[in-house]
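In the UniProt record's numbering, the protein residues as written are 1 to 501.
Don't take each hint at face value.
[What the hints assert, rightly or not] Okay, derived cross-link-like pairs now, DSS-like style, lysine-lysine, Cα gap no bigger than 27 Å in a straight line:
| id | residue 1 | residue 2 |
| --- | --- | --- |
| 1 | K80 | K165 |
| 2 | K165 | K42 |
| 3 | K259 | K165 |
| 4 | K165 | K333 |
| 5 | K133 | K333 |
| 6 | K80 | K42 |
| 7 | K165 | K37 |
| 8 | K165 | K38 |
| 9 | K333 | K42 |
| 10 | K273 | K333 |
| 11 | K133 | K74 |
| 12 | K495 | K273 |
| 13 | K108 | K259 |
| 14 | K259 | K273 |
| 15 | K333 | K357 |
| 16 | K495 | K165 |
| 17 | K37 | K333 |
| 18 | K495 | K333 |
| 19 | K459 | K273 |
| 20 | K459 | K333 |
| 21 | K495 | K458 |
| 22 | K495 | K259 |
| 23 | K165 | K357 |
| 24 | K165 | K458 |
| 25 | K165 | K108 |
| 26 | K458 | K273 |
[To be verified] Taking CB as the label site, the calculated pair distances span:
| id | residue 1 | residue 2 | range |
| --- | --- | --- | --- |
| 27 | Q451 | L189 | 28 to 34 Å |
| 28 | R460 | V266 | 29 to 35 Å |
| 29 | K42 | F304 | 24 to 30 Å |
| 30 | M201 | W260 | 43 to 49 Å |
| 31 | K495 | A425 | 53 to 59 Å |
| 32 | K165 | I270 | 26 to 32 Å |
| 33 | N363 | K37 | 37 to 43 Å |
| 34 | W260 | I359 | 49 to 55 Å |
| 35 | M201 | E36 | 26 to 32 Å |
| 36 | A318 | K459 | 55 to 61 Å |
Read the hints as simulated data drawn from the structure, not as lab findings. For glycine and all other residues, C-beta sits at the position ideal for the given N, C-alpha and C.
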Amino acid sequence: MTSVNEKAMSSDANACSGLSKIDDGIPIASLNPEDEKKLVRKIDFHLIPIMFILYFFQYIDKTSLGYTAIMGLKVDAHLKGQEYSWVSSFFYVGFLVASPIASVFLVKFPVGRVVSNTVLLWGTVLMCMAASKSFAGLSVLRILLGGLEAAINPGFTILTAMWYKPSEHALRHGLWYGGAPIAMTFGGLLSYAINHITIGMAPWKWLFVLFGAATFLWGIVMLIFLPDSPQHARFLGPEERRQAFARVQGEQHSAYTRKWNNAQVVEALIDPKSWLLCFLAFFLCLPGGGLGSFGSIILQGFGFSTFETLLLGMSQGAFMFIFLVFTVTWSVKFRNGRCISIAICQIFSLIGCLMIKYIPPHNKIGRLAGLWLIGAYASATPTIMSLISSNVIGYTKKAVVGGMFFVAFCAGYIVGPQTMLSHEAPGYETGFSVMVACFVLNPVLVMVLRQVMDFTNKKRDREAAGTDTLSRENVAETEGALAQIELDETDWQNKRIRYEL
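Just need the whole structure built from these sequences, with the hints factored in.
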């Protein structure tokens with residue numbers, strides 16, 4: 001067995017110059033369960049509200065185009081044919097192009113600074129959309145907006161992995177992702193209120209200005225209060241910072257480092273789990289691309305007025321929140337239940353699609369219920385992201401897989417609006433047929449991913465049972481020493497890792 005000293009020496013190549021070292025010769029006081037709960041609670045109270053509110057703004061900002069579509073934007077900007085679909089898709093073109101760049105930035109530069117500064121810039125771009133008067137102007141700004149938001153999801157995934165143990169990831173992902181259904185719930189109400197502003201400019205322009213200004217102000221708050229890592233958290237005391245780092249490092253052996261590791265890039269590209277996650281992201285987001293931009297139009301097409309459409313948009317958010325609570329609760333309460341909860345959500349969405357396709361048009365309440373059920377698919381997103389933060393170990397590898405995931409994520413959102421053919425409005429038969437296919441395929445993909453990880457877990461269990469092991473005292477001593485070293489092992493290298501299913 002490799003000694004702790006050998007591990008420490010091998011970790012020097014991975015340690016980042018300029019970062020505060022935990023292994024500074026000062027022993028870290030061990031955490032009893034009660035003290036650890038207090039520390040985690042303190043971390044939660046500081047980080048989760050910051051991330052939750054930002055995710056609220058991110059969701060409401062990127063879906064603001066859907067609200068403005070029924071507030072006069074399409075007429076004022078002279079959008080014709082598929083131009084509105086393309087304006088919607090261009091957000092994810094920018095997101096797709098910027099995702100690999102964001103992955104590099106999140107390794108090379110402090111995570112908190114990268115995320116906070118992009119928030120400031122995207123708030124500015126959103127305000128500029130109020131000045132757009134044409135398809136070309138809207139397209140350019142939507143591309144910029146998507147590019148600037150590319151760092152948020154992978155950045156939050158890295159932050160969650162940096163601060164929390166794998167067993168804690170699903171709940172924390174669900175908590176900060178909760179900003180999305182809350183934004184959907186109150187987005188319609190805010191849009192309805194803004195639609196009554198008649199001073200100076202069109203209501204849709206006010207919406208862009210007000211949403212953008214609020215986002216910009218929150219970016220300033222994040223720049224001040226969002227830490228880059230446990231080692232640099234001003235809201236923790238010196239010993240708490242060391243303990244916050246050590247409790248996670250002791251399990252994963254993958255520390256925050258600004259050193260780009262090419263070997264981990266290769267591993268990310270040849271790992272079948274990476275590609276299964278990418279396919280899952282694409283087929284999950286393809287329906288989202290259509291519904292995100294055309295949801296209000298589809299809902300209005302059921303026979304509801306503009307006012308009713310805006311208010312019923314709130315109910316969609318409420319149902320999405322209910323499904324989010326279900327997926328997070330299932331993942332926390334049932335060991336290895338994450339993939340199963342994802343599959344269940346896709347089945348609910350499939351049922352909703354079939355209801356809209358086959359319930360007669362005059363039964364608008366029944367079709368509305370189908371639209372509510374479709375929203376279940378999106379509630380699985382934080383659980384899928386928690387699979388990356390928990391199971392993809394290695395700082396560079398996590399950033400690369402996160403980048404790959406969100407490239408596929410963007411591709412789905414780019415293709416999605418193109419399935420909503422303008423001549424089929426407001427029924428969009430082709431779009432709903434594509435959704436049905438996606439919601440059939442997604443449960444298959446996620447269960448294949450689960451089987452791959454379960455096979456590896458069982459193989460490692462057999463290998464561990466067949467080898468000589470250290471005594472419990474030596475294991476504890478080794479774990480305690482390794483927790484103080486800034487290792488950067490991957491899930492392939494660290495055979496002690498067991499994947500969360």
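Comparing the hints with the structure gives:
no.	hint	verdict
1	K80 / K165	50 Å, violated
2	K165 / K42	15 Å, holds
3	K259 / K165	22 Å, holds
4	K165 / K333	16 Å, holds
5	K133 / K333	51 Å, violated
6	K80 / K42	52 Å, violated
7	K165 / K37	12 Å, holds
8	K165 / K38	15 Å, holds
9	K333 / K42	23 Å, holds
10	K273 / K333	24 Å, holds
11	K133 / K74	10 Å, holds
12	K495 / K273	16 Å, holds
13	K108 / K259	7 Å, holds
14	K259 / K273	24 Å, holds
15	K333 / K357	35 Å, violated
16	K495 / K165	17 Å, holds
17	K37 / K333	18 Å, holds
18	K495 / K333	26 Å, holds
19	K459 / K273	16 Å, holds
20	K459 / K333	25 Å, holds
21	K495 / K458	12 Å, holds
22	K495 / K259	23 Å, holds
23	K165 / K357	43 Å, violated
24	K165 / K458	21 Å, holds
25	K165 / K108	23 Å, holds
26	K458 / K273	16 Å, holds
27	Q451 / L189: 28 to 34 Å	44 Å, violated
28	R460 / V266: 29 to 35 Å	22 Å, violated
29	K42 / F304: 24 to 30 Å	46 Å, violated
30	M201 / W260: 43 to 49 Å	46 Å, holds
31	K495 / A425: 53 to 59 Å	55 Å, holds
32	K165 / I270: 26 to 32 Å	27 Å, holds
33	N363 / K37: 37 to 43 Å	51 Å, violated
34	W260 / I359: 49 to 55 Å	53 Å, holds
35	M201 / E36: 26 to 32 Å	53 Å, violated
36	A318 / K459: 55 to 61 Å	43 Å, violated
Comparing the model with each numbered hint stated earlier shows that hints 1, 5, 6, 15, 23, 27, 28, 29, 33, 35, 36 do not hold.
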